[in-house]
Amino acid sequence: MEKVVAQFLCYTNNKDDYVLSRKYDNDAFLYLMRHENHTNIEKLNIKFHNPNKYDEIINTLWNPNGNKSFGYTYINEKVARVYNPNLIMVQHRLRSDTVSLQGYFYALAIKLELSHGVTVIVYASANINDHNRLNQKPHRNPVLEDTESFTAEIDSESDIRNGQITKFFVNISGYLIKKKDNYVDLTYLNSVNNIIVLFYYIFYFYFVVYILKFIKNVYPMCKYAYL
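Sequential numbering from 92 applies to the sequence shown in the working numbering.
Do not rely on the hints blindly, as some may be mistaken.
[What the hints assert, rightly or not] Taking lysine-lysine pairs in the DSS-like style, the calculated list, with each CA pair at most 25 Å apart, reads: (1) K114 to K138; (2) K94 to K270; (3) K138 to K202; (4) K271 to K114; (5) K106 to K169.
FYI, nobody ran anything at the bench for these hints, they're computed from the structure.
Using the sequences plus the hints, can you model the full thing?
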């Protein structure tokens, strides 16, 4: 995963290839990159002025178990396998009643402290054999290099094995958290592959709403809570 982290940092630190998609205010910006392989990469950058929340933010984000709901969209997250305390495999399920679709993905997730006050949490799908009888094609990541070497087999649930829900892949996703003197700088990066357009935009909406609601939870007085 070290190569994935290095490429994640290249995408998060890139300032030239993104266009501004939405400005919430002077502390919150959403950017979009059209990758050369016809894949979108979204980047959400938020500053909030409570540096003492740095550790709490990391601990909250590094907790993939649980259920979340946003209107008619529902997310179920769980740890599928633990390699060590900072390297795990996760399963995310997404259900949208708006378009009567269900989807899921498996991804490797790593938490790494790069230096004092700088931590990354990065997700990327690998070639994981989940015994989905309708989708057994290997994943070719369009935004990362040298990520096809990791393979694993997982004992998935019957609805996945029977191909009853849509399989998709996380090209790259994650958080770069930096503790500054007067604020915490949070950058969230997201790119999803192999998913129908309408379902993709529901997922895209979910990730923005999730981060904004997350900030409300760790910093209740934050002005983004009601955006």
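A quick look at each hint next to the structure:
Between K114 and K138 the CA atoms are separated by roughly 13 Å; this keeps the pair inside 25 Å, and the hint holds. Of the pairs offered as hints, the one joining K94 and K270 holds, with about 24 Å between alpha carbons and a cut-off of 25 Å not exceeded. Simply put, K138 and K202 have alpha-carbon atoms about 21 Å apart, close enough for the 25 Å limit, and the pair holds. A hinted pair counts as satisfied when its Cα atoms are at most 25 Å apart, and K271 with K114 qualifies at roughly 22 Å.
With a C-alpha separation of about 33 Å, the suggested pairing of K106 with K169 is violated against the 25 Å cut-off.
Checked against the numbered hints given earlier, the structure breaks only hint 5 and satisfies all the rest.
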